[in-house]
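Asks: Add chain B to chain A, keeping to what the hints say.
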Amino acid sequence: MDRQGRYEFFAQQYEAYLPRVLNYVRLRVESEALAQDLTAQAFEQALIHIDSLRDRDAFGGWLFRITRNVIAAHYRRRRPEVPLEWAEGHAEADPLPESSAERSEELETLRRVLADLSEREQEIIRLRFVAELPHREIGQAMGLRAGHVAVILFRALKKLREQFE
Amino acid sequence: MSRERRAAEELSREIDRLYATPLLEQGEAPVAERPDLLAAGRLQRLSRALPPVPPALRQRVRGMVEARQASACDQELDGGQVRWFRWRSVACGALAATAVLLAVFLALPPGQHVLAQAMHILLGQTEVALTPTLEAPTRATREPLDSLLAVELAMGRAPSLPRALPEGYVLREMTAVSYPELPEWISQPFYVELAYGLEEGALGLWLREYRLLFREYGEIKGIAAASESVSYMEEVDVSGVSGAMLTFSQDDRLHTVVWERDGLLLELKTNCLSKEELLQVAQSVR
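Protein chains in written order, with our numbering: chain A, 44 to 208; chain B, 3 to 288.
To be clear, the hints were calculated from the coordinates, so they are not data collected in a lab.
Just so you know, these numbers come straight off a predicted model, no measurement behind them.
C-beta atoms are modelled at their ideal positions from N, C-alpha and C, and glycine is treated no differently.
One or more of the hints may lead you astray.
[Unchecked claim] Just a sample of chain A residues kept apart from chain B, beta carbon distances all over 12 Å, derived:
no.: 1; residue: Gln47
no.: 2; residue: Gln55
no.: 3; residue: Arg97
no.: 4; residue: Arg99
no.: 5; residue: Asp100
no.: 6; residue: Arg111
no.: 7; residue: Gly186
no.: 8; residue: Glu205
[Unchecked claim] With a straight-line Cα cutoff of 20 Å, these simulated DMTMM-like cross-link-like pairs (lysine to aspartate or glutamate) come out:
no.: 9; chain 1: B; residue 1: Lys271; chain 2: B; residue 2: Glu195
no.: 10; chain 1: A; residue 1: Lys201; chain 2: B; residue 2: Glu16
no.: 11; chain 1: A; residue 1: Lys202; chain 2: B; residue 2: Asp254
no.: 12; chain 1: B; residue 1: Lys277; chain 2: B; residue 2: Asp264
no.: 13; chain 1: A; residue 1: Lys201; chain 2: A; residue 2: Glu148
no.: 14; chain 1: A; residue 1: Lys202; chain 2: B; residue 2: Glu6
no.: 15; chain 1: A; residue 1: Lys201; chain 2: B; residue 2: Glu11
no.: 16; chain 1: A; residue 1: Lys201; chain 2: B; residue 2: Glu6
no.: 17; chain 1: A; residue 1: Lys201; chain 2: B; residue 2: Glu12
no.: 18; chain 1: A; residue 1: Lys202; chain 2: B; residue 2: Glu195
no.: 19; chain 1: A; residue 1: Lys201; chain 2: B; residue 2: Glu195
The shape of chain B in the complex, shown without the other chains:
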């Protein structure tokens, strides 16, 4: 390091000390001890004797600083609000979309199935099954049966049969009737029809037997005509159970008795017997 450089750095340290000492305490001592400091001391005193900052300028700069601080604070708040509103909008939109999708999903069979499963899991002892909406079947297949054994095999149980028939009437036809368009969970044949009549001549009495699953959980509690073709309906007693006697408007000789017994829905109809004769036959069915 050169001598000039060392002297320069030493002088700089002296100047630093000069500035660290208040003017009133300096006196002339440092300057007297170091002639190099003479100019520095004079420059310091001259500079500090310059006019003070005018109040207007001080106010002007202070106003700028405070305005910038307030603006930065507002921007920070605005930014926070914008972020909050943006996230809230996104969250509300997502929530609404989810609700709509959930509602649509639950309105469809897959959703209902999931809901039923969830209820089954959550409620534990509750069994939930969904029954799809059925349309009236339009096509039936009729399968002739050649014996009561075939009837029993088709029904999966022994059929109920009338013990008392009008004079001369015999069992002439047995048919299993199925509706292929019905869902698979409905067992087929839908019913079995036993047709009676005189040995010679037209058929005059039909007994339809529908397998039901009421068992001890249900029974026919009331009867109401659901078809406009029913012109007359009355409640009748069929061997201790409630049944319905129906007459149809297209043919006043067409009568039907409907009742339920031992897990079977029985329908006995005629187009040639009286209602009293028809009821007697129904009451003999076992």
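For reference, chain A alone in the conformation it holds in the complex:
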């Protein structure tokens, strides 16, 4: 697959992954503006490193590995003050739609539900139910075997069932 072919494949795939990446990032950061900015950064980095995409079937795992790195980089360079890119993100970001109150409530519910889980369980829940990745691609994104991902997910859901009942 040459570079031009990779870009064409990316153009066919990114629309389906954009809401999943954005929702995943929304659960990782506090601000909607920052979530949008980091999502755009993730896609930009993916385009820059398009040559590292070896297997088309692993596109989801590859994209979310880049997204996790972008978020990690954001937290590494975060300062007490509001960062410049954050400010720019605020300026460019769209406000939430009319039903934002209800939908923000869903977001807050998700955050609250996940809060009692370990960081690894939270991450697997986010990647499975928000990013909608299969176990194999979750394993690729996190460096785990698919069977191990299934067991961690099973335990996490067991804990969450009590909260939802």
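Replies: This is chain B only, laid out in the frame that chain A set:
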């Protein structure tokens, strides 16, 4: 495989089925049948209820993708053009260098020889021979000959001799004259000189015979003075063939008749006979 692992993999398959079914068709059935799926179903519904992607973000990402695609396309075109220009430059340079080398080669004797051979091969019936540029020979060797037989051997044929000579004139000297500096393809001696005179006294008549290869392919068609030392020139008839009578500026008694006969270029000169007497002797040469 442990029981927990089996249960985990079974639950994973149920979740996959859950995601394969649209939300509106799910109802509460899967969750009711499998309590394990309760949390999964709630998480799925919560996630799908999150706000949609804002148009500005969608536009921003689309712009990045399209810009990258266009850039890659341009780079591919640029790369192709660069390769094309590079190869075209190399090809033009090689072609020009080859043309220059070919021109230089054909200007030199080896190249002309090759060209002549090529023309001979291509044209078939055409014989091509190159005549190198000759410089006037500066050194002559004179070999005295002691008899007309020696003259004949030197010339490779019987010499032409005058049948009528002025009274008292006899053949006194015979000489083969060669020019060693001339190319090998010019046979030597270049000419044979027969000198006549009174038995006692100075020589007064010389006949030079040059072997030529005109044969039936050529003859003297016209005469022109090529030397500034010729003060007078006229066309004369020498026994039916055209010849030239020359007088030289350094000595108006010095006359020469030049004509061609039977494959020989004949030159008869005198410094004591009149032009009429000289012409009579020339006309008697056989």
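Asks: Are A:Lys202 and B:Asp254 close enough, with their CA atoms no more than 20 Å apart?
Replies: Violated, at about 143 Å.
Asks: Checking a non-interface call: every C-beta of chain B should be farther than 12 Å from the C-beta of A:Glu205. Is that right?
Replies: 9 Å, violated
Asks: Please settle this one: A:Gln55 was flagged as non-interface, so is its CB more than 12 Å from every CB on chain B?
Replies: 10 Å, violated
Asks: Holds or violated: A:Lys201 with B:Glu12, Cα cutoff 20 Å?
Replies: 14 Å, holds
Asks: Holds or violated: are the alpha carbons of A:Lys201 and B:Glu16 at most 20 Å from each other?
Replies: 14 Å, holds
Asks: Given the hint that A:Lys202 pairs with B:Glu195, test it: the Cα-Cα distance must not exceed 20 Å.
Replies: At roughly 136 Å apart (the allowed maximum being 20 Å), B:Glu195 and A:Lys202 break the hint.
Asks: Are the Cα atoms of A:Lys201 and B:Glu11 separated by 20 Å or less?
Replies: Status holds; Cα separation ~14 Å.
Asks: Would you assess whether A:Asp100, listed as outside the interface, keeps its beta-carbon beyond 12 Å of every beta-carbon in chain B?
Replies: For A:Asp100, whose nearest Cβ neighbour in chain B is about 16 Å away, the distance exceeds 12 Å, so it holds.
Asks: Going by Cβ atoms, does A:Gln47 stay more than 12 Å from chain B at every point?
Replies: 5 Å, violated
Asks: Within a Cα-Cα threshold of 20 Å, do B:Lys277 and B:Asp264 meet the stated pairing?
Replies: 23 Å, violated
Asks: Against chain B, does A:Gly186 hold up as non-interface, every C-beta pair farther apart than 12 Å?
Replies: Since the minimum Cβ distance to chain B is about 19 Å, A:Gly186 lies beyond 12 Å and the statement holds.
Asks: Does the claim that A:Arg99 lies off the interface hold, with its Cβ farther than 12 Å from every Cβ of chain B?
Replies: Holds: least Cβ distance 16 Å, greater than 12 Å.
Taken one by one, the earlier hints fail for this structure at numbers 1, 2, 8, 11, 12, 13, 18 and 19, listed in ascending order.
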